[in-house]
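Novice: Take a look at the letters that make up each chain.
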Amino acid sequence: MTGLVWLCKRETLRVSKLWTQTVLAPVVSSMLFILVFGLSLGGRIKQVGDVDYEVFIVPGLITMGMVQAAFANNASTIFQARFDRYINDVLSAPMKTWQMSFGYTIGGIVRALAIGVSLLALAVVVVGVPIEHPFELAVAISLGLVLFASLGLVVGIYAETWDHTSFIQNIVILPLTFVGGVFYSIDILPSPWHELSHVNPVFYLVNSVRYGFLGESDVSVWLSLGVTAALAIPAYAWAQHLFTTGKRLKS
Amino acid sequence: MDHHADTHPCGGEVAPARVAPCGAGVVTSLDRVFRDDTPALQLRGLTKRYDDGTLALEDFGLEIPAGAFFGLLGPNGAGKTTLISAVCNLLRVTDGEVLVFGEPHDTLKARSWVGLAEQDINLDRFLTVRETLEYHGGYFGMDKDEIEGRAEEMIRAFGLTSKRDVRAPKLSGGQRRRLLLARALMHRPRLVILDEPTAGVDFELRQELWAYIRQLHSEGTTILLTTHYLDEAELLCEEIALIRGGHLIARDSADGLREHFGVNRLEDVYVKAMAS
Numbered sequence: 001m002t003g004l005v006w007l008c009k010r011e012t013l014r015v016s017k018l019w020t021q022t023v024l025a026p027v028v029s030s031m032l033f034i035l036v037f038g039l040s041l042g043g044r045i046k047q048v049g050d051v052d053y054e055v056f057i058v059p060g061l062i063t064m065g066m067v068q069a070a071f072a073n074n075a076s077t078i079f080q081a082r083f084d085r086y087i088n089d090v091l092s093a094p095m096k097t098w099q100m101s102f103g104y105t106i107g108g109i110v111r112a113l114a115i116g117v118s119l120l121a122l123a124v125v126v127v128g129v130p131i132e133h134p135f136e137l138a139v140a141i142s143l144g145l146v147l148f149a150s151l152g153l154v155v156g157i158y159a160e161t162w163d164h165t166s167f168i169q170n171i172v173i174l175p176l177t178f179v180g181g182v183f184y185s186i187d188i189l190p191s192p193w194h195e196l197s198h199v200n201p202v203f204y205l206v207n208s209v210r211y212g213f214l215g216e217s218d219v220s221v222w223l224s225l226g227v228t229a230a231l232a233i234p235a236y237a238w239a240q241h242l243f244t245t246g247k248r249l250k251s
Numbered sequence: 001m002d003h004h005a006d007t008h009p010c011g012g013e014v015a016p017a018r019v020a021p022c023g024a025g026v027v028t029s030l031d032r033v034f035r036d037d038t039p040a041l042q043l044r045g046l047t048k049r050y051d052d053g054t055l056a057l058e059d060f061g062l063e064i065p066a067g068a069f070f071g072l073l074g075p076n077g078a079g080k081t082t083l084i085s086a087v088c089n090l091l092r093v094t095d096g097e098v099l100v101f102g103e104p105h106d107t108l109k110a111r112s113w114v115g116l117a118e119q120d121i122n123l124d125r126f127l128t129v130r131e132t133l134e135y136h137g138g139y140f141g142m143d144k145d146e147i148e149g150r151a152e153e154m155i156r157a158f159g160l161t162s163k164r165d166v167r168a169p170k171l172s173g174g175q176r177r178r179l180l181l182a183r184a185l186m187h188r189p190r191l192v193i194l195d196e197p198t199a200g201v202d203f204e205l206r207q208e209l210w211a212y213i214r215q216l217h218s219e220g221t222t223i224l225l226t227t228h229y230l231d232e233a234e235l236l237c238e239e240i241a242l243i244r245g246g247h248l249i250a251r252d253s254a255d256g257l258r259e260h261f262g263v264n265r266l267e268d269v270y271v272k273a274m275a276s
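The listed protein sequences correspond, in order, to chains A and B. Each residue of the first sequence is one higher than the one before, starting from 1 at the first, in the working numbering. Each residue of the second sequence is one higher than the one before, starting from 1 at the first, in the working numbering.
Mixed in with the good hints, there may be bad ones.
[Stated by the list, open to error] Which chain A residues face chain B? A few, computed with CB under 7 angstroms, are given here:
| no. | residue |
| --- | --- |
| 1 | Y86 |
| 2 | V90 |
| 3 | G215 |
| 4 | E216 |
| 5 | S220 |
[To be verified] Straight-line distance between alpha carbons at most 25 angstroms, and here's what the computed BS3-like set of lysine-lysine pairs gives:
| no. | chain 1 | residue 1 | chain 2 | residue 2 |
| --- | --- | --- | --- | --- |
| 6 | B | K109 | A | K247 |
| 7 | B | K109 | A | K17 |
| 8 | B | K109 | B | K163 |
| 9 | B | K109 | A | K250 |
| 10 | A | K96 | A | K9 |
| 11 | A | K96 | B | K163 |
| 12 | A | K46 | A | K250 |
| 13 | A | K250 | A | K9 |
| 14 | B | K170 | A | K17 |
| 15 | A | K247 | A | K17 |
| 16 | A | K247 | B | K144 |
| 17 | A | K9 | B | K272 |
These aren't lab readings, by the way, just hints derived from the structure by calculation. The beta-carbon is built from N, C-alpha and C at its ideal position, and this holds for glycine as well.
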């Protein structure tokens, strides 16, 4: 297990050495969303259901900040390691492949948690967001981070240029997050947008996190957790498969 | 973790590679591994075909005795780096068998016995010199106390003391090359693989690296060296293998190769072998 511990330390060290980029910047941008959207639009929208608008958007913004960080961190760390070929130091080491994939997954999760905890602390002070269901919240966050941290690894392993990683981030994940109910309840959407929202996997993650915080959700929390788990498990298995077979990692 | 390569089955620290089995008694699998006559490296029928169809190695066989200083010579594209990558689990072998001190190369035990300094500088850009060595030691299962001591030892040995807290991208080319070698040796491997370690290196550093590699070999470590410098191969290596197009062309001492090819200089051996 020594190798796994050191790989986890290395991935965490990278996050901490680049903390202004990896943690501070996403926290600042998410807080700006809370301030600009919540406090300015909050004057017009007032409430979504029984919840003040500036409180309603906090779970979605925390989710958005965390999953983007988990994805971006792991896509970049594995791509950089492949590009500079220092990943060979890990691939040749006496470590099992599950230790390699788990070790590389950890960095994104640590970074996302640092962002999430910072945002939560700020949001509690600024808008007083509650945590109604901590267990469901912990499960939702865990599944979401496994899903996006694993996807980051997969994309970082398949990517041939930096553009490939940022393409997935900007063209796939960011739009899905924005239309996943971060800023609104899908109940206000007309058909067919209301129905189409149900095929967006991020919608379920945002709703399960919102349920954990506020006790409110557009769909059943168990359905949301089930969908997120149904995506997280194969995503992790895919990343593990790449390490096991060496596909794209070894020539 | 299987990181007891330097620990004799009967207990106590032992020098790598040249270790006699302890006393009479039951012969264990470890005894087999530590016996002098177990080759450091055995390649049997090794074949590597890349995804684009390039056949880099074909039914390649080679055996390198424990404790040897072995040179691998061949032109670009001959298959040298492919061979090394196969031994170090850095590529997917198409067919064949690779044994390191009798163990399949992809086992944790075999991996812990091999140290690799690659041809290209591939240092982690986020780590300092000290961290590079410590994290490598960690990946290879060394204890924390051992890591700290060994890292300092390597930093001193390779003249990197003043750069210990400098990140790899800020080192000079020579310092990076030293760090690369220090990293390969950090976990005390029994088989050290050096892929053109002196390519692009100035005369002084080359002399330094030669001295260190020789010392390492004198302590019993098996060395597999690839180089384009024929003088380097002749000076350092006890045996030399010539490879071309993924096939072994010849293998002998420098004198034996000259005699076999009927020429006076190793350069002429090389030219003849590659033209044949």
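Novice: Now tell me, hint by hint, if it's right for this structure.
Specialist: Hint by hint, here is what the structure shows:
Nearest Cβ of chain B to the Cβ of Y86 (chain A): about 4 angstroms, under the 7 angstroms cut. The hint holds. A least Cβ separation of about 6 angstroms between V90 (chain A) and chain B falls short of the 7 angstroms threshold, and the interface hint therefore holds. Violation of the interface hint for G215 (chain A) is found here, the shortest Cβ-Cβ separation to chain B being roughly 42 angstroms, above the 7 angstroms cut-off. A distance limit of 7 angstroms between C-beta atoms decides the matter here; for E216 (chain A) the minimum to chain B is near 42 angstroms, and the interface restraint is violated.
Interface restraint check: S220 (chain A) against chain B, minimum CB-CB distance 43 angstroms, threshold 7 angstroms, status violated. Among the hinted pairs, K109 (chain B) with K247 (chain A) is consistent with the structure: their alpha-carbon atoms are about 23 angstroms apart, no more than 25 angstroms. This hinted pair does not check out: K109 (chain B) and K17 (chain A) have alpha carbons roughly 33 angstroms apart, beyond 25 angstroms. Between K109 (chain B) and K163 (chain B) the CA atoms are separated by roughly 32 angstroms; this puts the pair beyond 25 angstroms, and the hint is violated.
Simply put, K109 (chain B) and K250 (chain A) have alpha-carbon atoms about 20 angstroms apart, close enough for the 25 angstroms limit, and the pair holds. Pair hint K96 (chain A) plus K9 (chain A) holds up; C-alpha atoms about 17 angstroms apart against a cutoff of 25 angstroms. Under the criterion of a C-alpha separation no larger than 25 angstroms, the hint pairing K96 (chain A) with K163 (chain B) is inconsistent with the structure, at around 33 angstroms. About 55 angstroms separates the Cα atoms of K46 (chain A) and K250 (chain A), which puts this hinted pair outside 25 angstroms; it is violated.
About 24 angstroms separates the Cα atoms of K250 (chain A) and K9 (chain A), which keeps this hinted pair within 25 angstroms; it holds. This hinted pair checks out: K170 (chain B) and K17 (chain A) have alpha carbons roughly 16 angstroms apart, not beyond 25 angstroms. For the hint pairing K247 (chain A) with K17 (chain A), the CA-to-CA distance comes to about 30 angstroms; that exceeds 25 angstroms, so the pair is violated. A threshold of 25 angstroms between alpha carbons decides the hint, and for K247 (chain A) with K144 (chain B) the separation of about 32 angstroms lies outside it, so the pair is violated.
Under the criterion of a C-alpha separation no larger than 25 angstroms, the hint pairing K9 (chain A) with K272 (chain B) is inconsistent with the structure, at around 52 angstroms.
In summary, the structure is inconsistent with hints 3, 4, 5, 7, 8, 11, 12, 15, 16, 17 from the numbered list given earlier, while agreeing with the others.
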